[in-house]
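**Q** Go ahead and model the full structure; you've got the sequences and the hints to work with.
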Amino acid sequence: MTQTGSLNYYRNIHEGQVYAVGKVQHRGRTVCTVLVEIYAKETQKLLAAGTFSMFATQN
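Residue 22 in our numbering sits at position 6 of the sequence shown, and the numbers go up by one each step.
Don't read these hints as lab results, they were simulated from the structure. In this text, a Cβ means the ideal position worked out from N, Cα and C, and glycines have one as well. You may find that some hints are simply not true.
[Said to hold, decoys possible] FRET-style restraints, in silico, Cβ to Cβ:
#: 1; residue 1: Glu58; residue 2: Asn24; range: 17 to 23 Å
#: 2; residue 1: Val52; residue 2: Gly32; range: 15 to 21 Å
#: 3; residue 1: Leu23; residue 2: Val47; range: 15 to 21 Å
#: 4; residue 1: Arg45; residue 2: Ser22; range: 19 to 25 Å
#: 5; residue 1: Ala56; residue 2: Met17; range: 27 to 33 Å
#: 6; residue 1: Gln74; residue 2: Arg27; range: 31 to 37 Å
#: 7; residue 1: Phe71; residue 2: Ala36; range: 16 to 22 Å
**A** Following this line, the structure appears as structure tokens:
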């Protein structure tokens, strides 16, 4: 369950595929913080990035 989230858009693409990479920055007992980066598949350019805090529902 998302507690807070912030997403910054850097550029757009009009066609093609995108992919996202997520990395847990902090994993606490009840809350974790995740960094997400979204890239254009063809050019590997960063399109957007965000940080999200989530309630941990399982260990």
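**Q** Hint says 19 to 25 Å; check whether the CB-CB distance for Arg45 and Ser22 agrees.
**A** 23 Å, holds
**Q** May I ask you to test the hint 17 to 23 Å on the CB atoms belonging to Glu58 and Asn24?
**A** 21 Å, holds
**Q** At the C-beta level, are Gln74 and Arg27 separated by a distance inside 31 to 37 Å?
**A** With Cβ atoms ~36 Å apart, the hint holds.
**Q** Taking the Cβ atom of Phe71 and the Cβ atom of Ala36, is their distance within the range 16 to 22 Å?
**A** Between Phe71 and Ala36, where Cβ atoms are some 21 Å apart, the hint holds.
**Q** Do the beta carbons of Ala56 and Met17 sit within 27 to 33 Å of each other?
**A** Given about 30 Å between the Cβ atoms, the range holds.
**Q** State, for the Cβ atoms of Val52 and Gly32, whether the hinted interval 15 to 21 Å holds or is violated.
**A** Holds: the Cβ-Cβ distance is about 19 Å, inside 15 to 21 Å.
**Q** Does 15 to 21 Å hold as the CB distance between Leu23 and Val47, or does it fail?
**A** Given about 19 Å between the Cβ atoms, the range holds.
Going down the numbered hints, you'll see the structure goes against none, and every one checks out.
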